[in-house]
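Novice: As they're listed, the protein sequences go chains A and B. By the count of my numbering, the first sequence reaches residue 109 at its end, each step adding exactly one. By the count of my numbering, the second sequence reaches residue 1593 at its end, each step adding exactly one.
There's no promise every hint is true.
To be verified - Okay, the calculated bits of chain A under chain B, using three or more residues with CB under 8 Å as the criterion: (1) 56-66; (2) 72-84; (3) 88-102.
Derived from the structure by calculation, the hints contain no laboratory data. In this text the structure is predicted, and so the values were computed from the model without any measurement. C-beta: ideal position from N, C-alpha, C; glycine also.
What follows is the residue order along each chain.
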Amino acid sequence: MPKKEMPSGALLLLILRVLRSGPLHGYAIAQRIHILSSEVLHVEEGALYPALQKILLKGWATSEWGVSETNRKVRFYRLTSAGRKQLEAELSSYDRVNKAIQDVLRTA
Amino acid sequence: MNEIFRRLRYLLHRRRFDRELANDMEFHREMAVREGVRFGSTLRLREEARDAWGWTWIDRLCQDVRYAARKLRKSPGFTLAAVLMLAIGIGVNVAAFGFFDLMVLRPLPVDDPVHSCDFIDVPCSVMRTLCPIRKWRSSANTPQRFQPYWL
């Protein structure tokens, strides 16, 4: 199973996007990204938690206590409206850059 | 703006947030182990995550200060010499500047210090004739010009 690290900007974008479907705990965020990317992307804990702390600090998400599937107390991260806005902004800028790269790849 | 307040909150409640982070990671480790995935050192990972709060420098500073205090306590002779040197250095400078300030920098407590004049070794009777202060002071057109001042 191929594992790929990702740039931190992309990780923020993916975390925000995954949280849009509802609050998740840290492990579930990593799992969901891993599974949705057909197990290509692997979120390292060493990147995930700093990114989550940054997201909390920026006010893009809040954390609340919940109970995990394994019946354990754990923090769930919930996207805020500021986080939604940030996600929109990051998505549009990502689209622009992606399109630009595709244009170069196709025509060069 | 809000981010600054949140950052401060992280500084004030560092212990609580650190415990929450530790709990997050402990949970993550449990799940990872269940799936048979390796999980790195939680202590190191926690430190890396804490870096995002932006207060690592305070911890480092405290470490340095504690280290310095320990070292100073270990060698009291050196500490005493250093403290004395600083005390004498600062003390002499403050005293010298204080004197200089008193004699040179501070203006005389009169309205027009540039036009002040000295009467040195003049007998009282002559001075009274030369400079009838009481008379000038009482005259209406020069009320402020002449003020007696003794050092």
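Novice: If a hint holds in the structure, say so; if it doesn't, say that too.
Specialist: Verification of the hints:
1. With 5 residues having a beta carbon nearer than 8 Å to a beta carbon of chain B, the segment 56-66 of chain A meets the requirement of three or more and the stated coverage holds.
2. Coverage of the segment 72-84 of chain A by chain B holds. Counting CB-CB distances below 8 Å, 4 residues qualify, and the rule asks for three or more.
3. Under the rule that three or more residues need a Cβ within less than 8 Å of chain B, the assignment of the segment 88-102 of chain A is violated, with 0 such residues.
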